[in-house]
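Numbering (numbering that gives the first Met the number 0), first residue to last: 0 to 233.
These are calculated hints, taken from the structure and not from any lab test. It cannot be assumed that every hint is accurate.
[As the list claims (entries may be wrong)] Each computed DSS-like pair below joins lysine-lysine, with the alpha-carbon atoms no more than 25 Å apart:
#  : residue 1 : residue 2
1  : Lys221    : Lys74
2  : Lys97     : Lys177
3  : Lys68     : Lys53
4  : Lys25     : Lys153
5  : Lys74     : Lys53
6  : Lys107    : Lys66
7  : Lys153    : Lys106
8  : Lys53     : Lys177
9  : Lys24     : Lys221
10 : Lys107    : Lys97
11 : Lys53     : Lys66
12 : Lys24     : Lys153
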Amino acid sequence: MLRLNNIHVYYNHVHALKGVSLEVKKGSIVSLLGANGAGKSTTLKTISLLLKPKEGSYLFEETPMLKMKASDVVKAGIIHCPEGRRVFPLLTVMENLKAGTYIRKDKKQINHDMERVFNYFPRLKERRNQKAGTLSGGEQQMLAIGRSLVGNPKILLLDEPSLGIAPILVKEIFEIIKEINSEGTTILLVEQNANMALDISDYSYVLENGHIALEGRSEELKENPEIRRLYLGG
């Protein structure tokens, strides 16, 4: 479904991604693990074409993407839920959700998808007229995911959904991510909580200093002694 091959990205003279290759198959959850500064968010920004690589290729549903604009990526069905939530604090929950539908014309299906989001996150329905800036961190994360879902993604790029959230809400959000996937949305997940990411994903990549250091089925990586030592506290 989505493939990066030998992707090189620079921030000015800093070589941020050094030949990254990865694949996300349709219907799967793929996790991207690594320490701060390893290149995880840079990889997602490259897929969204917020950053343009100097070298390499990028295919989505066999279509070459690198000559497209970032807006074309969204229209193709690749929706990026960024790190730090990035909700519009002065807009209401409902206004934030409507902002996620700006490229869509299918009003009936939009209403269906809004209800789907409220089924995932009942708290958002309760607070739909509340300004987003007054929500808790966990509720803002729910809103950010919901806003991405009403964009009708074929593949959802999730960047650090557990960051800054109470542990009890982290578990709830990861259960919902699994449910979203089970209903047909492919997910590429960037996450520092390696335990949770490996638990819900099918396949995982480990980034170190801008290159893929390790990859494999998530259940196998969870038993890898190096992964356990570096990321799982074992």
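> Looking back at the hints listed earlier, which ones does the structure fail to meet?
Replying inline: When the structure is compared with the hints, numbers 1, 6, 8 turn out to be violated.
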